[in-house]
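If you read the sequences in order, they're chains A and B. All letters in the first sequence, in the order written, are residues 1 to 264 by full-length UniProt numbering. All letters in the second sequence, in the order written, are residues 1 to 516 by full-length UniProt numbering.
The hints are simulated quantities; they were obtained by calculation from the structure and are not laboratory data. Virtual Cβ for every residue (Gly too), placed ideally from N, Cα, C. A few of these clues could be false.
As the list claims (entries may be wrong) - Selected chain A positions facing chain B (Cβ under 7 Å, derived; list incomplete): (1) F25; (2) A156; (3) E236.
Stated by the list, open to error - To be clear about the criterion: a stretch of chain B counts as covered by chain A if any three or more of its residues have a C-beta under 8 Å from a C-beta of chain A, and this derived list gives those stretches: (4) 72-82; (5) 474-480; (6) 489-503.
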Amino acid sequence: MKGALAVARKELAVYFSTPLAWVVFMVVAFFAAQFFVGSLDAWRYLSLRAMEAQEPGVLERMNVTDLVVARVLGSTGVFVVVAAPFLSMRLIAEEKRARTFELLLTAPVRPFAIVLGKYLAALGVLTAALAIVAVFPGLLALFARGAQGGSGIEWATVATGFLGLFLLGAMALAVGMFVSSLTESVVVAALVSLLLLLALWVVTLFGVGAEGPVRELTLALSASEHLTPFLQGRIELKDLTYYLSFVALGLYLTDRAVEAQRWA
Amino acid sequence: MKKNVWSRVLSALGLMLLLSTFVTFLFGNTQLVAAKALLGLAGIAAGLALSESGGARRFFTGRAAHFGFFTGVSALCVVALLGTANWLAYRRPHTWDLTKNQLFTLSEDTVRTLRGLPVEVSALAFYRQDEPDYPAAQDLLRRYAALSPRFTWRLVDPYRSPELVKQYGITDTGPRLVVTAQGAKGDARVRQPTEQELTNAVVKLTRGGEKKLYFVQGHGEPDPRDEGQKGYGVATRSLESEGIEVGTLVLLERAQVPADAAAVIVAGAKKPLLAPELKALQDYAARGGHLGVFLEPAVDAGLGPLLASFGVEADDDIVLDPSPVAQLFGGTALTPMVQPTQRHPITRDIAQTALAFPTTRSLVALTGARSAPTPLALSGRESWGETDLKGLFSTGAEQDEGEKRGPLPVAMAAARPPEAQDGRRSAEARLVVAGSSAFFANQYQQLLGNLDFFLNAASWLAEREDRITIRPKGREATTLFLTEAQVTMLKFLTIDVLPVSLLGLGLAVWLVRRGK
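The following block holds chain A by itself, in its conformation from the complex (with noise of 0.2 Å):
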């Protein structure tokens, strides 16, 4: 474990001393604030058409966290599958490019180390991104009330979705740096694992008319409808098994991946 928070230390360092983690968090920044603006606008517009229209049982199901943090967690959820091959594709690629990576392998750390620690490092990165997101609750909790008191918004509720996106990020980070143990190329790395985790995200639409097995099949594998319990609050074991055993085998693969360079 020590080796590889020693390899993470270096790998956070090259993050943030280079465009790419302030890249990310920009565009996350940028986009989550446009759905933030967005749906608060719907939420005003909403209350006022239920107020004009004296439509009290409108205004008694109207939840600040279900209505403008969730859609902003669940858009979230889009770019951190867009930005998690951006994070993971220079892992073991660069490396490999490079030719740094057989001097790596020299060093006194175990192959597994020097992947957990880099794995470690990304998710640093993409956990700070979240981080930036939780703002815009934290500026909504300054103006909402609860009908009985309290705070308006419900923070487990919340924290269960940053809780998912953080396992959305998790995952999506494994299956990137496997992607990227397999190639030299950055940009083959972060197509191919964008387009693995696109193919995730929008797996339901092969379920759509299906029935039976097939469609059991795509709703269990599709990333997005694990992300949802998360963001309406509630932590399914399904869920959680589903996104850790991504992570499992990801790092497994890579893991093997990397081994695989000694007996080649």
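Model the placement of chain B on the given structure of chain A, informed by the hints.
Quick look at chain B alone, frame taken from chain A:
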């Protein structure tokens, strides 16, 4: 072309075909999957056969091959292990519900109902995957099935199974979830995939003996099937979804209450009932009948003696509440908010939820009667019983001397001990009386706890106290009012300041690094 190139091309094509079988599987054609897998394997075999002399042998016996073989086997084992873990987690759902109001936790009533299922129950849900109700239905059914092996379910795509759609008479606008039970006559339909409706459907099918409730007609009462604003269509459908059959009763035609009546409702009579009709109701009460009386303001329906026999009297007034809070949902002092009491099974579970009672009379408990009525709901402290009904709209409402001050009872329940009739003792007679007949009309039933109050009252009258009272759960309402200046500030902070600061920070780090 050289043999070696052919070998690579064929191997690559074979591998591509083999890997893409998964995508083909998603289309559901197993023959095509098998054909592609076979072709893929053949391509790889041909590639190996054509490879340079000794290539195939080296491929299988080389140092890398050993590593590849063991890696492949161990990777397959890892995939199988993780696949099994996912399958188990899918089959045995477990949820940690962190929502404030426990939105995704099934109520104790549902858990008890499912764990004690006496027969096999199955649910068929007709939804396409792209319909908004699909995820809710799937999630709900899965959680029900996890609680009882006797509950099975299936989601059916209505476009792909037109024969099932026809068999169950499913329409676009009608209920899309059909529940059947072993040995039960017919099925139960669920309009919305909610816990309240689904559990009540299961209860309806598994609990024998349907109860029948009659609405008295012929004196200007709203039709129980009317879907207009003043009708009782929604309340009637809710009763039926809970296994209580609803019928109408014209007492002049029959002279007595039918023997199969579990309860009789007189709601919103605008003309007085005639003597034979009143006698029929009194006889029914004497036999241990159960009556629901929901009054109209400024109308004497002639029900006074019947109510008095239960120890209740309705005043000739209208309850007005000038408090702005009490008018929140009705809009005027004529629709006060009233608070249920905790003193009776009808209101015990909904005591925290206010009711909106439009144009309601106040009630009085009479002393010396054979039964002691229990108040079910009280008006607010600032309310009073306005007796000048004519002046109400001409000169406005003001509390005069002699008018009763709030809190005033607007709904009561009473039970009369059994009477001896022809040497036989009858059952306990029951009465629920309310000063308003509009609170459960379609126009007002969705406000606050109105529908629950009516359904609980009907269930108590029909001796269905074990009715499942699952209030639809929802998130707590939020108030968020922003001025234009606050909105502009929020937009400026999030769209401009935040991303630009991050860009600036990144640029600064990069420039400092370049300068080193």
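Structure-based check of each hint:
1. F25: holds, 5 Å
2. A156: Check passed: Cβ of A/A156 comes within 4 Å of chain B, closer than 7 Å.
3. E236: A/E236 check passes; min Cβ-Cβ to chain B is 5 Å, inside 7 Å.
4. 72-82: holds (count 5)
5. 474-480: holds (count 7)
6. 489-503: holds (count 9)
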